[in-house]
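Asker: As a plain string of letters, each chain reads:
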Amino acid sequence: MSIKLENVTYTYSPGTAYEMHALKDINLEIPQGQFIGVIGHTGSGKSTLIQHFNGLIKPTSGTVLFEGEDIWKEGYPLKQLRSQVGLVFQYPEHQLFETDVLADVCFGPKNQGLSEEECKERAIEALEHVGLAQKYFERSPFELSGGQKRRAAIAGVLAMNPKVLVLDEPTAGLDPKGRDDILEQISFLHQTRNITIILVSHSMEDIAKYVERIIVMNDGEKCLDDTPKEVFSHYKELEKMGLAAPQITYIMHALKERGMPVDVSAITVDEAKVSILQALAGDKGLESSSEETKTSITQSIEK
Amino acid sequence: MIRDITIGQYYPTDSVLHSLDPRVKFIGTMVFIISLFAADSWAGYILATFFLAGIILASKVPFGFMVKGLRPIVLLLMITIFFNVLFTPGEVLWGFSIIKITKEGLILGAKMGIRLIYLIIGSSVMTLTTTPNQLTDGLERLLSPLNKIKVPVHEIAMMMSIALRFIPILLEETDKIMKAQTARGADFESGGLIQKVKSMVPLLVPLFVSAFRRANDLALAMEARCYHGGSGRTQMKPLRYGQNDVIAYVLLAVYLVLGIILRNFVGM
Numbered sequence: 001m002s003i004k005l006e007n008v009t010y011t012y013s014p015g016t017a018y019e020m021h022a023l024k025d026i027n028l029e030i031p032q033g034q035f036i037g038v039i040g041h042t043g044s045g046k047s048t049l050i051q052h053f054n055g056l057i058k059p060t061s062g063t064v065l066f067e068g069e070d071i072w073k074e075g076y077p078l079k080q081l082r083s084q085v086g087l088v089f090q091y092p093e094h095q096l097f098e099t100d101v102l103a104d105v106c107f108g109p110k111n112q113g114l115s116e117e118e119c120k121e122r123a124i125e126a127l128e129h130v131g132l133a134q135k136y137f138e139r140s141p142f143e144l145s146g147g148q149k150r151r152a153a154i155a156g157v158l159a160m161n162p163k164v165l166v167l168d169e170p171t172a173g174l175d176p177k178g179r180d181d182i183l184e185q186i187s188f189l190h191q192t193r194n195i196t197i198i199l200v201s202h203s204m205e206d207i208a209k210y211v212e213r214i215i216v217m218n219d220g221e222k223c224l225d226d227t228p229k230e231v232f233s234h235y236k237e238l239e240k241m242g243l244a245a246p247q248i249t250y251i252m253h254a255l256k257e258r259g260m261p262v263d264v265s266a267i268t269v270d271e272a273k274v275s276i277l278q279a280l281a282g283d284k285g286l287e288s289s290s291e292e293t294k295t296s297i298t299q300s301i302e303k
Numbered sequence: 001m002i003r004d005i006t007i008g009q010y011y012p013t014d015s016v017l018h019s020l021d022p023r024v025k026f027i028g029t030m031v032f033i034i035s036l037f038a039a040d041s042w043a044g045y046i047l048a049t050f051f052l053a054g055i056i057l058a059s060k061v062p063f064g065f066m067v068k069g070l071r072p073i074v075l076l077l078m079i080t081i082f083f084n085v086l087f088t089p090g091e092v093l094w095g096f097s098i099i100k101i102t103k104e105g106l107i108l109g110a111k112m113g114i115r116l117i118y119l120i121i122g123s124s125v126m127t128l129t130t131t132p133n134q135l136t137d138g139l140e141r142l143l144s145p146l147n148k149i150k151v152p153v154h155e156i157a158m159m160m161s162i163a164l165r166f167i168p169i170l171l172e173e174t175d176k177i178m179k180a181q182t183a184r185g186a187d188f189e190s191g192g193l194i195q196k197v198k199s200m201v202p203l204l205v206p207l208f209v210s211a212f213r214r215a216n217d218l219a220l221a222m223e224a225r226c227y228h229g230g231s232g233r234t235q236m237k238p239l240r241y242g243q244n245d246v247i248a249y250v251l252l253a254v255y256l257v258l259g260i261i262l263r264n265f266v267g268m
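First to last, the protein sequences are chains A and B. Using this note's numbering, the letters of the first sequence map in sequence onto residues 1 to 303. Using this note's numbering, the letters of the second sequence map in sequence onto residues 1 to 268.
Simulated from the structure, these hints should not be mistaken for lab results. Keep in mind that this is a model prediction, so the values were computed, not measured. Watch out, some of these pointers could steer you wrong.
What the hints assert, rightly or not - When the alpha-carbon atoms are kept at most 30 Å apart in a straight line, the in silico DSS-like pairs for lysine-lysine are as follows:
#1 A:LYS135 to B:LYS198
#2 B:LYS68 to A:LYS120
#3 B:LYS196 to A:LYS120
Just need the whole structure built from these sequences, with the hints factored in.
Answerer: In structure tokens form, the structure reads like this:
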């Protein structure tokens with residue numbers, strides 16, 4: 001078991017006028033190699049939760065275990081933990097500080113105590129993985145564009161070769177291509193390095209496309225913890241919490257209501273397309289009108 | 001950790017003192033401070049005690065919270081009293097070569113102690129019952145006569161307001177950057193002095209860059225809304241005296257008069 005949280009509670013500014021219960025009695029088990037999505041309304045405790053994974057925050061009560069060990073017991077090497085559980089904050093480009101990109105990405109490995117050559121090796125590998133070309137290595141990080149800075153910052157965490165990678169809204173503020181690139185890269189890492197990925201996101205479509213398991217946070221409590229199809233089937237509950245299901249799920253439900261025998265548990269556009277085409281193919285009664293509906297539906301889905 | 005620092009330590013409640021015009025509180029605090037140093041007799045200090053007690057009650061701020069502000073100066077207090085008690089010349093009560101405890105020393109020590117404590121508590125009441133923005137507004141109004149001699153009062157007040165506004169933002173940014181770098185294995189605690197200074201670089205560089213970026217954005221935003229400085233500028237919540245403010249001024253005047261009477265006609 002990679003990470004385990006037992007009865008974790010966290011309160012900000014306890015006992016003052018500004019007291020805030022961010023996490024209430026959280027129990028969680030994360031096996032190695034899983035791709036998890038964490039969703040929740042703003043203020044639901046997502047950021048607080050993920051900062052418990054690498055020991056940045058100590059729970060007010062409860063235990064946090066990494067690979068079976070209590071990370072808050074006397075003498076536990078937290079610094080080492082942080083190189084095994086990498087955390088990429090929101091807008092990570094704000095952490096860039098070195099004179100050139102390569103040096104900044106080397107910061108993590110250097111703190112791990114690796115030699116100069118090893119640091120460079122790791123850094124170059126990480127930069128390649130995030131898709132940053134070699135010509136940028138010697139440039140100042142402040143000269144890069146927003147998306148490039150973002151990638152350099154993510155590379156900075158990747159260079160530590162963590163077993164678990166936690167990303168807090170890695171696509172925030174990026175253009176659609178940038179978002180796709182980053183997410184594809186993350187998915188690639190998951191498959192090739194077999195690392196555990198924990199993705200916090202507000203985009204239901206992104207979550208639906210990549211994760212195997214969704215944890216839904218609401219007001220500091222863990223509300224739902226299941227496969228994406230299961231979680232999104234509770235879309236009315238999700239709406240009450242200020243969330244939603246992927247757009248395509250709503251279309252499927254609407255189609256079903258109008259009498260089309262489609263699979264309402266479809267959560268990605270690809271799944272929906274297959275299901276709709278199947279439903280139309282099986283519908284032999286309505287010949288001519290179905291041809292029009294078929295083309296117009298496929299056209300609007302293609303859009 | 002950093003979240004727990006409350007700047008200026010404003011304590012939100014609704015009390016008479018909280019709703020007073022900040023100018024009244026400024027002037028009141030100054031009057032009180034002057035009276036502490038002008039008072040020479042015990043009668044003067046007793047009057048000050050009554051005044052302070054009344055103010056504390058009227059503010060509805062828990063006494064324990066107020067006394068917290070004294071903690072940092074406990075050391076200063078001890079040292080002041082210590083030196084005054086031991087090194088004041090006069091009628092010796094107990095002595096050991098140059099270290100003598102005199103009657104004058106004890107009295108002086110006590111007076112100094114009381115002055116310091118009352119000074120701190122008196123000024124704390126000001127910041128506990130007035131928000132930082134009210135403070136700058138009050139200061140701007142009080143100093144506005146200086147405009148006549150070309151002192152840029154409005155610009156100074158605006159700078160103060162913006163600085164105050166950005167303290168929590170930059171504190172939060174510092175927290176975030178520290179966490180982000182710690183997540184990459186940075187260590188701000190261990191090592192000798194030189195090591196610690198070096199390890200501040202990954203914190204200070206991003207912080208400065210962030211501060212400049214925010215300043216730039218804010219300047220653009222202000223200009224985009226036609227900000228051009230203080231001339232002809234109106235306020236959303238202009239400070240206006242109310243009935244309570246007038247009563248407060250009257251009470252201050254009474255306190256002042258009593259203080260003068262006690263000083264000149266009652267020696268103790």
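Asker: Quick one, are B:LYS196 and A:LYS120 close enough, alpha carbons at most 30 Å?
Answerer: holds, 24 Å
Asker: With the threshold set at 30 Å, check whether the alpha-carbon distance from A:LYS135 to B:LYS198 stays at or below it.
Answerer: This hinted pair holds, its Cα atoms lying about 29 Å apart.
Asker: Between the alpha carbons of B:LYS68 and A:LYS120, is the straight-line distance 30 Å or under?
Answerer: Violated, because 51 Å separates the two Cα atoms, which is more than 30 Å.
The structure does not agree with numbered hint 2 stated previously, though it agrees with all others.
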